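Now for the letters of each chain:
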Amino acid sequence: MRRRVVVTGRGVVTAAGLEPEAFWRSLMAGTCLLRPLRGFALAGMEEFLVGSEVSLPPQDDPSTGSGQALPADIHSDPHRARCVQLALAAGRRAVRDAELPADPAFRRRTATVLGSTMAEERQISDLTDRLVARDPAAVDGTLLARADNHRLAALVARQHDLGGPTLVSTTACSSGNAALAMAYDLVADGAADAAVAGGADTFTRAVYTGFLRLNALSKSVCRPFDRRRDGITFGEGAGALVLEELEGARARGATILAEVAGYGVSNDAYHITAPEPSGDGFARAMRQALSTTGTGPEQVDYVSAHGTGTPYNDLCETRAMKMVFGAAAAAIPISSIKSMLGHTNGAASAIEAVACVQALLRQEVPPTANLTEPDPECDLDYVPGTGRPRRVGVCLNLSAGFGGFNVCLVLRRAP
Amino acid sequence: MSAAIPAAAVTGVGVISPLGDRPGAVAEALWAGRTAFAPLPDAPGAAAAIPDFDATRYATIRGLRLYSRPTRMAISAVQLALTDAGLTGGAVPGEGLGTVTACTLGHIETLLEYDRSVATQGPMRGNPALMPLSLPSSPGAAVALSFGAKAFSMALAGATAGLDALGLGARMLAAGRARVCVVVGSFGLSPELALAASRAGWLAPAGDPRPFDRRRDGTALGEGAVAFVLERPADARARGAGLRAAMAGQASAFAPDAPATAAALERACAAALGEAGAPELGLVSAGASGSVEGDRAEAAALRAALGRSAGDVPVTAPRSCLGDSFDAGGLFQCLVALDAIRSARIPPIRGLEQPEPEGLRLVREPLEVRVAHALVTTTAPDGCCSAAVLSRIDEG
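Line order of the protein sequences matches chains W and L.
With positions in the first sequence counted from 1, the corresponding number in the numbering used here is that position plus 382.
With positions in the second sequence counted from 1, the corresponding number in the numbering used here is that position plus 545.
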């Protein structure tokens with residue numbers, strides 16, 4: 383018998399806010415946060431460096447946190463360890479929001495599962511620069527520890543003395559959702575009683591230059607489902623949820639914010655970057671999400687889209703919605719908050735999961751910003767402009783990653 | 546779950562290693578205590594590389610030559626495992642095939658090459674063919690794409706990710722999310738990674754890792770990939786496949802600080818053994834690699850986890866011959882466990898002359914003994930601990 387899994391904590395670290403309510407108000411108002419970047423530079427590419435930047439307050443300096451000592455490079459070089467800092471900031475907020483018991487026995491049974499597309503890629507670009515400059519000390523003894531993306535989860539676990547399974551998902555831009563899915567299984571199966579799970583990512587040279595060369599970077603701004611959409615705009619950030627087994631959460635008097643009912647997964651096995659054009663991969667993940675959680679298609683009240691703003695993704699996703707829901711697809715709100723935050727890569731689906739929790743709590747759905755000229759081929763209800771009230775009982779959180787990694791998480795109202 | 550009704554059976558094995566590309570060849574080398582370590586060219590320490598590794602000998606895959614060395618090794622091991630399981634040529638439809646890939650550092654060489662093109666030629670001149678292969682997700686994406694795995698493709702990072710991947714694959718299979726799941730762990734050498742390991746002080750300066758020996762002073766590196774095909778036993782039997790062993794239990798735990806490592810590994814062992822139905826162990830295939838602290842913590846964890854039988858259960862440490870191969874390491878240890886279950890032969894710990902841990906039966910000479918259940922353990926420097934239990938499946 384599988385155990386029921388609920389959400390008891392939210393951590394959100396975005397340009398829209400560092401607390402769930404402020405984040406939600408910003409999203410609901412349709413505030414687009416995509417601006418020229420100040421904290422990330424790439425000579426010769428200035429015109430393309432648009433995105434949403436997080437400003438971390440001083441209390442998110444890891445050196446002031448509780449828990450065990452963290453590696454020196456996190457203190458001494460905040461720029462290079464930016465992704466870890468974002469993850470730590472989200473983890474700390476989620477743990478605090480959940481009022482996670484300090485009891486060591488509880489913390490030993492708490493898992494940490496994070497995902498990231500690039501993690502600390504800045505460490506590698508830094509190494510490249512030193513190799514190119516023929517610096518004999520370019521390769522130092524900390525490289526292996528820094529290049530191992532597992533440290534993203536290990537450092538969050540260390541900061542909160544968490545002793546459960548500690549995993550890192552690397553399924554590109556669905557990594558956050560994959561982490562939440564794995565954490566759901568660990569708690570549902572009894573391998574852990576609680577989990578801190580989500581994702582984090584920041585701006586990297588490889589992603590900006592690479593997406594430009596793949597013609598996937600917007601030359602204006604992210605406009606999901608709009609006729610003029612021309613690609614991705616990036617953002618940085620992190621999102622995390624605390625998941626707990628239902629009975630244990632009730633017994634300790636935790637505030638139960640939502641339930642994670644389960645998930646669906648699929649893989650396109652189509653192309654190293656492009657999604658399968660028919661939408662079949664998205665559709666299979668959604669169908670599995672519905673069937674394995676006993677959710678009828680008519681019960682779905684909101685879909686948080688992957689909605690990157692590339693011509694092919696948004697069309698694929700629209701097709702998949704029609705494959706799964708048929709004519710009823712037009713009546714289900716589906717929006718992309720990437721229109722406001724940009725694509726935060728491995729953090730995106732974790733931040734979107736926090737948005738789904740807010741939608742369930744507030745009985746509202748967030749909008750798609752920058753959508754003003756509808757695409758005749760994208761003809762669903764994308765909630766253009768600003769958010770709106772809506773009875774929300776079940777949300778699907780849909781995500782995909784380069785290489786065809788599709789994950790669809792099912793969240794529903796707190797039991 | 547008990548070994549009588551295991552959730553996942555191993556039906557195919559593939560290996561790419563400096564000691565051979567057949568499980569039997571690797572077992573023979575370990576039995577004889579052979580290694581392939583060679584000194585690093587420019588730093589203290591040693592590594593075992595696969596000379597003239599050529600993935601096209603194993604797999605005919607579009608775009609293969611663009612993939613990084615560890616990715617090509619992973620694809621080769623998966624091809625060998627599917628062939629071993631009799632599942633090539635469309636025997637399993639894509640919708641029924643899932644993959645779990647553990648190849649943490651598999652993107653680094655491509656990322657460095659891509660990034661060098663940007664650093665030297667300008668941000669608008671990056672090589673677009675290399676960029677998607679520069680992502681940490683690329684080994685997993687390439688594995689799934691190469692074999693048309695459409696059920697799912699999961700990917701994990703971390704030095705214990707190989708064993709974690711095995712557990713994840715078994716759980717995804719048990720949940721009915723695929724009919725066949727291939728799990729692969731891979732690590733490929735590069736000059737930068739070898740130099741970094743040496744400069745971190747991880748490597749034994751003389752190139753001789755001595756797991757559990759008093760004189761141990763570090764490990765050596767060893768590249769390679771190991772893949773396992775997992776199926777539900779009923780499905781495997783229905784198609785007449787051979788069942789090599791059951792993947793009977795797996796669990797992970799984390800040590801927030803170094804002194805907590807032994808306790809964390811003990812918890813992982815207890816949980817994995819509990820899942821497997823508390824079987825009577827015939828072998829521990831340990832992750833000990835010559836690390837001063839890591840081996841000590843593992844020995845303490847094993848004493849605690851084995852309890853009264855600690856002095857009786859043979860403990861071997863394949864990294865004495867294979868070196869540390871990161872994500873592939875735990876799966877190499879599983880390979881040793883599978884061979885012991887099949888052939889009743891346990892390879893010795895090479896170089897072990899002055900055993901440090903007390904209360905453990907460390908295998909110093911080749912040992913012939915029947916093994917029904919084996920425990921496999923790994924720890925990582927960052928605190929991650931993982932354990933798995935493999936069990937004999939008695940036919941009939």
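One thing to keep in mind: the hints can contain errors.
[Unchecked claim] What follows is a set of in silico ranges between Cβ atoms, one per label pair, in the way DEER data are often shown: (1) W:PRO439 x L:ASP599: 38 to 46 Å; (2) L:PRO584 x W:PRO418: 49 to 57 Å; (3) L:PRO596 x W:ARG516: 23 to 31 Å; (4) W:ARG512 x L:PRO584: 35 to 43 Å; (5) W:PRO439 x L:ARG567: 55 to 63 Å; (6) W:THR637 x L:PRO804: 31 to 39 Å.
For the record, the hints were derived by calculation from the structure and aren't laboratory data.
For clarity, every value in this text was computed on a predicted model and none was experimentally measured.
Ideal Cβ placement from N, Cα and C applies to all residues, glycine included.
### Query
Okay, which hints does this one fail, numbers in order?
1 and 4
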